[in-house]
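**Student:** Here is what each chain is made of, one letter per residue.
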Amino acid sequence: MSAEIAPEELLIATVADMLDGLRHVAVGAQSPIPGSAALLARARSGGSLRVSMLGSEAHSPFTDGGRELFDCAAQGRIDAFFLGGGQIDGQANINLVGIGDYPDTKVRFPGSFGSAYLYLLVPRVILFREEHTARVLVPKVDFISAPGVSDEDVLRTGGPYALVTGRCVFDFDAAARRFRLASVHPGHDTDEIREHTGFDYDVPDVVPETPVPDAATLALLRGRVADEVAETYPAFAARVFAAAAA
Amino acid sequence: MSELFTSVEDLAERIPNGAKVALAPDYSGCSMVTTRALVARGARDLHLIGVPSVGFQGDMLIGAGCVATLETAAVTLDEYGPAPRFMAAVKAGTLKVIDGTCPAIHAGLQAAEKGIPFMPVRGIVGSDLLKHRDDWTIGTDPFGEQDGPLVLVKAIRPDVTLIHVPLADRHGNAWIGVRREMMVMAHAARETFVTADEIYDGDLLADEQLAPGTIPGLYVSALAKATNGAWPVGLFGRYGPDDAHLRDYLERARTDAGFAGWLDEFVYAPKAAE
Numbered sequence: 001m002s003a004e005i006a007p008e009e010l011l012i013a014t015v016a017d018m019l020d021g022l023r024h025v026a027v028g029a030q031s032p033i034p035g036s037a038a039l040l041a042r043a044r045s046g047g048s049l050r051v052s053m054l055g056s057e058a059h060s061p062f063t064d065g066g067r068e069l070f071d072c073a074a075q076g077r078i079d080a081f082f083l084g085g086g087q088i089d090g091q092a093n094i095n096l097v098g099i100g101d102y103p104d105t106k107v108r109f110p111g112s113f114g115s116a117y118l119y120l121l122v123p124r125v126i127l128f129r130e131e132h133t134a135r136v137l138v139p140k141v142d143f144i145s146a147p148g149v150s151d152e153d154v155l156r157t158g159g160p161y162a163l164v165t166g167r168c169v170f171d172f173d174a175a176a177r178r179f180r181l182a183s184v185h186p187g188h189d190t191d192e193i194r195e196h197t198g199f200d201y202d203v204p205d206v207v208p209e210t211p212v213p214d215a216a217t218l219a220l221l222r223g224r225v226a227d228e229v230a231e232t233y234p235a236f237a238a239r240v241f242a243a244a245a246a
Numbered sequence: 001m002s003e004l005f006t007s008v009e010d011l012a013e014r015i016p017n018g019a020k021v022a023l024a025p026d027y028s029g030c031s032m033v034t035t036r037a038l039v040a041r042g043a044r045d046l047h048l049i050g051v052p053s054v055g056f057q058g059d060m061l062i063g064a065g066c067v068a069t070l071e072t073a074a075v076t077l078d079e080y081g082p083a084p085r086f087m088a089a090v091k092a093g094t095l096k097v098i099d100g101t102c103p104a105i106h107a108g109l110q111a112a113e114k115g116i117p118f119m120p121v122r123g124i125v126g127s128d129l130l131k132h133r134d135d136w137t138i139g140t141d142p143f144g145e146q147d148g149p150l151v152l153v154k155a156i157r158p159d160v161t162l163i164h165v166p167l168a169d170r171h172g173n174a175w176i177g178v179r180r181e182m183m184v185m186a187h188a189a190r191e192t193f194v195t196a197d198e199i200y201d202g203d204l205l206a207d208e209q210l211a212p213g214t215i216p217g218l219y220v221s222a223l224a225k226a227t228n229g230a231w232p233v234g235l236f237g238r239y240g241p242d243d244a245h246l247r248d249y250l251e252r253a254r255t256d257a258g259f260a261g262w263l264d265e266f267v268y269a270p271k272a273a274e
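Line by line, the protein sequences give chains L and V. 49 is the number that our numbering gives to position 49 of the first sequence; each next residue is one higher, with no gaps. 194 is the number that our numbering gives to position 194 of the second sequence; each next residue is one higher, with no gaps.
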């Protein structure tokens, strides 16, 4: 096994650490890294973690059509979910609709999907966006597909837990309505992160390096998890894990 | 019962210009064969409803100029990337997009299937989506069990639900398995048109294992047999997407001329690819 750890493997292990101890994690379509993280967390949960992957015939437990995931979430049956964003701002608002003055968007994104709903209802929403640039991480999103924080009178059982990017991890402090730098990935530094982040955030006195996965985690990831991921994301699994194991 | 059966072309004729048409996402049951027939007959001003999203099916109809309004939670080609004709239409300002969110679309259809005017939906409060929807409003729980704002979405009553299924029988029963968003769509719409890969020799409702996943014929206005009718997207449990064709489509649909060439080859030249 190679000592080299692929950047994707670091991200998978980092996200998986946020899922340990949960009962049910759902993963949206086209999310190979969050999906891999969920399967890794399941592999080491001893069978206690249920993973529901949309777009996967093998890992979808639903029999009542497209609405069932949402009904599950409203009942508190889903502990964690992943959202991204064409833009994400410092209050954890996400924009999946477009850049510019809606509806006259200059750049159009695919649309809000279920974000406007799930963000308010799933307790641990992990924001994941590999691209960490000032273009994506902006002071204020042009369109709020789903709000990071809500007024006190709004019934809200869920919300942002962390933001994981290709450079670092931010925690979200809901009371302060701000992100806080939690760890910096190996090979990156705090100045670089400040330079490439469009929103303001808090930095503690000591910022740890994001821990790299240990040998046991890597073995699990490149073995059992790689096989399971390949079912839904064959190209991703071949590219990341085959290269790492070579 | 056999009068339920017709041709794909006739199904396309019976979806009038301006109709509100509910469509399933690409991974569910898309009647791509009728989609091409709609383009071929020159359908105009359709109001598409993605339940809850559209993909290649929506992109092709938009590109061919069949669509005035698109009501959806997203336009997604999944791993294939951005939808080229949708993007072009947004840029040109020729498409009205009614942006929604998946559970609100499901809830609007559920209201329609129950014959009630609206349905409360959790979440959504604080989303800019609300500002642009005159068919969503804020209410409160009349029983006082939940404090604070509650989003109410107006019933969504499609004129037509158009789907493709693996199996249908001569009574108009259509088997959808666990893809039950199509059940809600059929309940909610005034008319449902179905194409089926295969005709089941018997009564789907008489088989206890198949009946729970079957749309009863009472909701189905007409159907046509269309082997491989979901091509080039896949059909659950039967066949996957035609990857080579979809990649070729994406390449060609980047430009107006390229897309016109694709239409000539696969829509206007009959049966070229089937």
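Hint data in this document are derived by calculation from the structure and do not stem from the laboratory. Don't be surprised by glycine CBs; every beta carbon is placed ideally from N, CA and C. Among the hints, erroneous ones may be present.
What the hints assert, rightly or not - In silico DSS-like pairs for lysine-lysine, Cα to Cα no more than 27 Å straight-line: (1) V:LYS91 x V:LYS114; (2) V:LYS154 x L:LYS140; (3) V:LYS225 x L:LYS106; (4) L:LYS106 x V:LYS91; (5) V:LYS96 x L:LYS140; (6) L:LYS106 x V:LYS131.
Unchecked claim - Facing chain V, from chain L, some residues (calculated, C-beta under 10 Å): (7) SER52; (8) LEU54; (9) ARG67; (10) ASP71; (11) TYR102; (12) LYS106; (13) ILE144; (14) VAL149; (15) ASP151; (16) HIS196; (17) PHE199; (18) VAL203; (19) ALA219; (20) GLY223; (21) ARG224; (22) ASP227.
**Student:** Does each hint hold? Answer for all of them.
**Tutor:** Hint by hint, here is what the structure shows:
1. Between LYS91 (chain V) and LYS114 (chain V) the alpha-carbon distance is near 38 Å, which puts this suggested pair outside the 27 Å criterion.
2. A threshold of 27 Å between alpha carbons decides the hint, and for LYS154 (chain V) with LYS140 (chain L) the separation of about 30 Å lies outside it, so the pair is violated.
3. A threshold of 27 Å between alpha carbons decides the hint, and for LYS225 (chain V) with LYS106 (chain L) the separation of about 43 Å lies outside it, so the pair is violated.
4. Only pairs whose Cα atoms come within 27 Å are accepted, and LYS106 (chain L) paired with LYS91 (chain V) is accepted, the gap being roughly 7 Å.
5. In summary, the hint linking LYS96 (chain V) to LYS140 (chain L) is supported, as the alpha carbons are separated by about 25 Å, within the 27 Å threshold.
6. Distance restraint check for LYS106 (chain L) and LYS131 (chain V): the Cα-Cα separation of roughly 19 Å lies within the 27 Å cut-off, and the hinted pair is therefore satisfied.
7. Hint status for SER52 (chain L): violated, given a least beta-carbon distance of 13 Å to chain V, over 10 Å.
8. For the restraint placing LEU54 (chain L) at the interface with chain V, the shortest Cβ-Cβ distance is roughly 9 Å, inside the 10 Å limit, so the hint holds.
9. A hinted interface residue such as ARG67 (chain L) counts as satisfied when its beta carbon comes closer than 10 Å to some beta carbon of chain V; here the least separation is about 4 Å, so the hint holds.
10. The beta carbon of ASP71 (chain L) comes within 8 Å of a beta carbon in chain V, closer than 10 Å, and the hint placing it at the interface holds.
11. Residue-level restraint check for TYR102 (chain L) holds (minimum Cβ-Cβ distance to chain V is 7 Å; threshold 10 Å).
12. Against a cut-off of 10 Å between C-beta atoms, the interface hint on LYS106 (chain L) holds, since the closest Cβ of chain V lies about 9 Å away.
13. Restraint check, ILE144 (chain L) versus chain V: the minimum CB separation of about 4 Å is within 10 Å; hint holds.
14. Taking 10 Å as the C-beta cut-off, the interface hint given for VAL149 (chain L) holds, the closest approach to chain V being about 8 Å.
15. Evaluation of the ASP151 (chain L) hint against chain V yields a held restraint, the C-beta minimum of about 8 Å falling below 10 Å.
16. With 10 Å as the threshold, the beta carbon of HIS196 (chain L) stays out of range of chain V, its nearest partner Cβ sitting at about 24 Å, so the hint is violated.
17. Taking 10 Å as the C-beta contact cut-off toward chain V, the hint placing PHE199 (chain L) at the interface is violated, the least distance being around 18 Å.
18. Interface hint at VAL203 (chain L): violated, since its Cβ lies 28 Å from the closest Cβ of chain V, which is beyond the 10 Å cut-off.
19. Checking ALA219 (chain L) against chain V by beta carbon gives a least distance of about 28 Å; that is not within 10 Å, so the hint is violated.
20. Of the supplied interface hints, the one on GLY223 (chain L) is violated, with its beta-carbon coming no nearer than about 25 Å to a beta-carbon of chain V, more than 10 Å.
21. With 10 Å as the threshold, the beta carbon of ARG224 (chain L) stays out of range of chain V, its nearest partner Cβ sitting at about 24 Å, so the hint is violated.
22. Because the smallest distance between the Cβ of ASP227 (chain L) and any Cβ of chain V comes to about 20 Å, over 10 Å, the interface hint for this residue is violated.
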